[in-house]
Amino acid sequence: MSSPRRPPGALPRISEASLYSHLVTRPTGRAVREEIERELRDWEGPAVTVVDLRNVPVIDFSCADEVVAKLVSAGLAGGGAPGSERFYLFTGLEEHHLDPVESSLRRRSLAAAAERGDGTPCLLGRVEPRSRRLWAHVVRAGRILPESLVPAQLASVEEARCALEELHARRLLVRLAEEYLSLRAAADATPDGGTR
Amino acid sequence: MSRVIEVPGVLDETGFESLVRELEARTGDGQEAERILFDARRVRWTSPYGLVGLLAVGHVARSRTGLAPSLSTPESSDVRSYWERMDFWQNAAGVFDLPSLSTRSHGESDALLELTPIRSHHDVHRVVERVRERAATILERRLHYPKPAVIQFSVMLSEVCQNILEHADAEGWVCAQTYHWKERLGRDVLVLAVMDVGQGFAGSLAAEHARRFGDRWSSATALEAAFINGESRFRDPGRGQGLQAIRRQVTRWDGEIRIRSGDAMIARVPEWDDIEPTTSGLTPFPGAQILIVMPARVPAATTA
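So the protein sequences, as listed, match chains A and B.
6 is the number of the first residue of the first sequence in the numbering used here; add one for each residue after it.
24 is the number of the first residue of the second sequence in the numbering used here; add one for each residue after it.
One chain only, chain A, in its complex shape (with noise of 0.2 Å):
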């Protein structure tokens, strides 16, 4: 289950992208991800991102597509690199902005960590049933490491780490040396391994 332990890996950079008014039309969306990318551009470690959604009233599917399915898309292309990984958290995230985002991100392929307007998680977008229940035990226990999962999750340590690091390589987690986070935990995680 989760670890008390400080994780030995350096911890992401945090920062924070308050959206706001209506965000319709795709030149709209690409402003508004091309500032955010904008804001990690000369940063070579990895980041954390929580874009909050909370004062977005509306947002289309035009818009969804260009802020939340490119940048994790971009999240998982250009800032793939080892140690320079980009994740995003999409966080305030109302019923009218369901449809929108959660289609942009199926159409794609893609699946992105985020929180309903209460601070309830949730996983949107395209993920394997076995991958989403992993996710949520995760974001449930904030931090884990692989043998923790062993045996009531999953058979081996082997296993239980490529299932992790799935999740990891879909920026859905981040991975600090041999241990993996929830989003909001790595957002909320103190360097002296604590919480904000």
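Among these hints, one or two may not hold up.
One side of the interface only, derived from the structure: several residues of chain A facing chain B at Cβ under 10 Å [claimed, not checked]:
| id | residue |
| --- | --- |
| 1 | Tyr25 |
| 2 | Pro32 |
| 3 | Val63 |
| 4 | Ser78 |
Far from chain B, by Cβ distances over 10 Å, these chain A residues were calculated [claimed, not checked]:
| id | residue |
| --- | --- |
| 5 | His27 |
| 6 | Arg31 |
| 7 | Leu45 |
| 8 | Ser89 |
| 9 | Pro126 |
| 10 | Cys127 |
| 11 | Arg138 |
| 12 | Arg145 |
| 13 | Val155 |
| 14 | Cys167 |
In case anyone wonders, no lab produced these hints; they're calculated from the structure.
All C-beta atoms, glycine included, are put in the ideal place defined by N, C-alpha and C.
Based on the hints, put chain B in the right spot on chain A.
Here is chain B on its own, set in the frame of chain A:
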């Protein structure tokens, strides 16, 4: 010399088809370019689709003849008043050769959205912001839709207007109005009409998809590719979801959506209507013409 096209007494989607046929007959191949006079004196009733359609037909008449068409004013004071309230004359001034008196402005309108040109993404933002308060009043109080419908309508409006910018490569217009469909449905409806006079679905999708269809490529197959399969002219998989999202939303509301492009039309047909889901062999007309009808909710039809 002018050629006269009589504007149908009932200027709705059927009236629009009649206008398109008349325009084709008078400006088709081999005909000498002459000014067209649209005689609207006997118009008794106009729907949002008919109103935008008249503008689109006027635009095409102008581009085919190279001469700004004339438009006579309806005799009916109700129709004249409606056209004024919907900002028709303001928009018509750039299309028709009008007497200057016709472009006067009016007070506050009862329309959800007056006739509005869509030329840039800024226009889409303006439209979405403009309808917000009115949509809340109309959708919740008059059509009895749940609160989230106001946002979903804004999203739909945004996507349908962006369709013009993304695919038409030409200017377009949008307008929306609520009224009572006594004979057809016995309920209030919200009607949204969006049109452009650009390259149409077949033109927009041709470079990416026509080869795959070979001889079968047409306006009808292009509409099917976009409306049913979510295809786009872009290879980017994130494109093309707007129309599908609109179709899903209209279905949830038990509404109707028709898209006419080129010589074909495709529709999501609710149980309360009996039009064909696909039609081809219509008189060719540039661009795309979209009609969305959202009926007032009744307890039996209440869904999520």
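Numbered hints the structure breaks, given as an ascending list: Hints 1, 5, 6 contradicted; others consistent.
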